[in-house]
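Each protein sequence line maps, in turn, to chains A and B.
First residue of the first sequence: 1, per the working numbering; consecutive thereafter.
First residue of the second sequence: 359, per the working numbering; consecutive thereafter.
Read the hints as simulated data drawn from the structure, not as lab findings.
Do not rely on the hints blindly, as some may be mistaken.
Said to hold, decoys possible - In silico DSS-like cross-links for lysine-lysine, where the CA-CA straight-line distance does not exceed 27 Å:
hint	chain 1	residue 1	chain 2	residue 2
1	A	129	B	392
2	A	10	A	348
3	B	502	B	602
4	B	463	B	392
5	B	681	A	129
6	B	681	B	392
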Amino acid sequence: MFYREAGDFKTSYEEDSQTFPIKFDRYRYYFVLAFAFAVVPFVINDYWVNAIFMPFLIYSIAAIGLNILVGYCGQVSLGTGGFMAVGAYAVYKLMTAFPEVNIIFHVIAAGGITAIVGVLFGLPSLRIKGFYLAVATLAAQFFLVWLFNRVPWFYNHSASGQINAPERTVFGVEVTGPNTEAWATYLFCLVFTLICAILARNLTRGVQGRKWMAIRDMDIAAEIIGVDPLRAKLSAFAVSSFFVGIAGALFFAVYLGAVEVGEAFGINKSFLVLFMVIIGGLGSIFGSFAGAAFLVLLPVLLKNTLVGGLGWPTDLASHLEFMIVGALIIAFLIAEPHGLAQLWRVAKEKLRLWPFPH
Amino acid sequence: MPDQLIYAMEVFLNGLMAGVLYALVALGFVLIYKASGIFNYAQGVMALFAALTLVGIMEGQVPFSHLINAMFGTEIHHFGWHLPALVSILLTMAVMVLLAWAVNKLIFNHLVNQEPIILFMATIGLAYFMEGFGDIMWGADIKKLDVGLPQGINTAIDETTYGWFGYGFFIDNLDIVATVIAAILVIALVIFSQYTKQGRAMRAVADDHQAALSVGISLNFIWVMVWSLAGFVALVAGIMWGTKSGVQFSLSLIALKALPVLMLGGFTSIPGAIVGGLLIGVGEKLFEFSVGPLIGGATENWFAYVLALLFLVFRPQGLFGEKIIERV
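Given only the sequences and the hints, what does the whole structure look like? Please build it.
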């Protein structure tokens, strides 16, 4: 009944190759967009923005970035936290060095700087593969965090070693600093998330994405049919780090406002984003959103039911969260290696026929 | 002899000792990897879990007491007994065997024939699960572990070196014990894998799963055995590190220390794990001693990784690893 192609005639190539070829899907997408832009900003308050919407949007960008590297190009990276830190510190240095430039450009430039760093740490991927590479990316994680911790230039010699986001405005509305309004920060992140998602979606279904997938499926075979592994792998590292850098910049500047690098961008962050990608679905942009939503909502729900509902101590709830997340990872890898995105695809197939059996 | 050189020698010796402990953890990785092709990220958490269980059994803690108290409003904490160290170690070993069985039965039997990277991610999930599980079972507070190992400065070495150089070396007794135990463990493992029936079966499985199956070797049994062995190594590592710095969450981070050791030594080589461990232990201590003060210190966090990374670029299979041959 839903998601049917019947009666939806395509008369041009553009229509045939659009992102959402099924009418119902397309309208659902427009509806979600309209809801996110026109309804949500008017009804949310600080709690909703800080506990759910902002982490969701920012982690979505990071998950999309990591998904490009792991899901599309097959290069497992455990350095996401380190790259997010690069984005955060880059945006901080830019914000303090060029206060008159708009923060939008700072965030984009931070993504660009992270892309360069990502390519640098991606170089070994040409020689080493699989989990040798995964472990090698840990070098990026530990080295970058140490660097931002120990070299005073990066945190402008501040006494605490923390970085604090100065106040910046977009079109006269404050988006960073202590006096922001919930809707402004939400919209700022939403715009970035939307643009990143559209970019990633179109990159991955074009020439570049196909090259990445060829490398992922079998790199030697890909090389034989004419995919340059050097350019494919390094471009995946660059694009992935670009998104992760933007996520890190927003995470620091808009969401947290003040950051201590080891705490905010430690190895746990790398794993968290990797888990989002696995649970959401490797090689799927929708999956990145689903995974981010899932892992942002899970702790909130657990906390509300266990601590708020049953009155259990917080540490118990957080241990349970570890257990549940770990068990879910394993369960997903066993039962549905393609994650929530695959469940969604199956559901769509079912909905096509529902409620008629044939 | 100049002072700096003497200090460097002391740092070198301490690095060797630290390297042995890294090698001990790395050994657990190599065992599992050789026999089942699984890169077990959870090795460090297994060490933590083993140490927690050991303390819990010794002190007579009630498992899950925190959870039970929260659910039913009771106030139970201890059974009220103290078991001797040896009995507790044996009981902990039984728990680790049980764990090995459960891990194989519940997880890896369902993941046969999956890609190595999927298996690797499954072990990350396992690590998270066990971290939460261990904390819920035994509580998350820092515990003291004392199974009667000697600790403190070794006075004999201190005095001897004082007699030689006019400066006493500080070497912890525990490190010496750890070195001896690690050496014994490695020799025992080599003997086990070379001369016993099960050891031969283990090497056969490592070589070729299907061929091993076809001559009648039970894969399940070998995998449970290997995971138990890794659990045993984890227990030893857990005792050493737990005695040294208390049983706490940071214990599970030693796995992260062992990873570069493995990359350097090669995932498939037991001698590689030892040599890699020693190289990294000495390298990071000497680097911290010589270059660390110039660039802000705490270089131990990343030095091993960067060293291994640079090394891998030139020799992707590590020092002693088997040559990687790719076929299309």
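Verification of the hints:
{"no.": "1", "hint": "A:129 / B:392", "result": "holds, 18 Å"}
{"no.": "2", "hint": "A:10 / A:348", "result": "holds, 21 Å"}
{"no.": "3", "hint": "B:502 / B:602", "result": "holds, 9 Å"}
{"no.": "4", "hint": "B:463 / B:392", "result": "holds, 19 Å"}
{"no.": "5", "hint": "B:681 / A:129", "result": "holds, 14 Å"}
{"no.": "6", "hint": "B:681 / B:392", "result": "holds, 14 Å"}
In the structure shown, no violation is registered for any of the earlier numbered hints.
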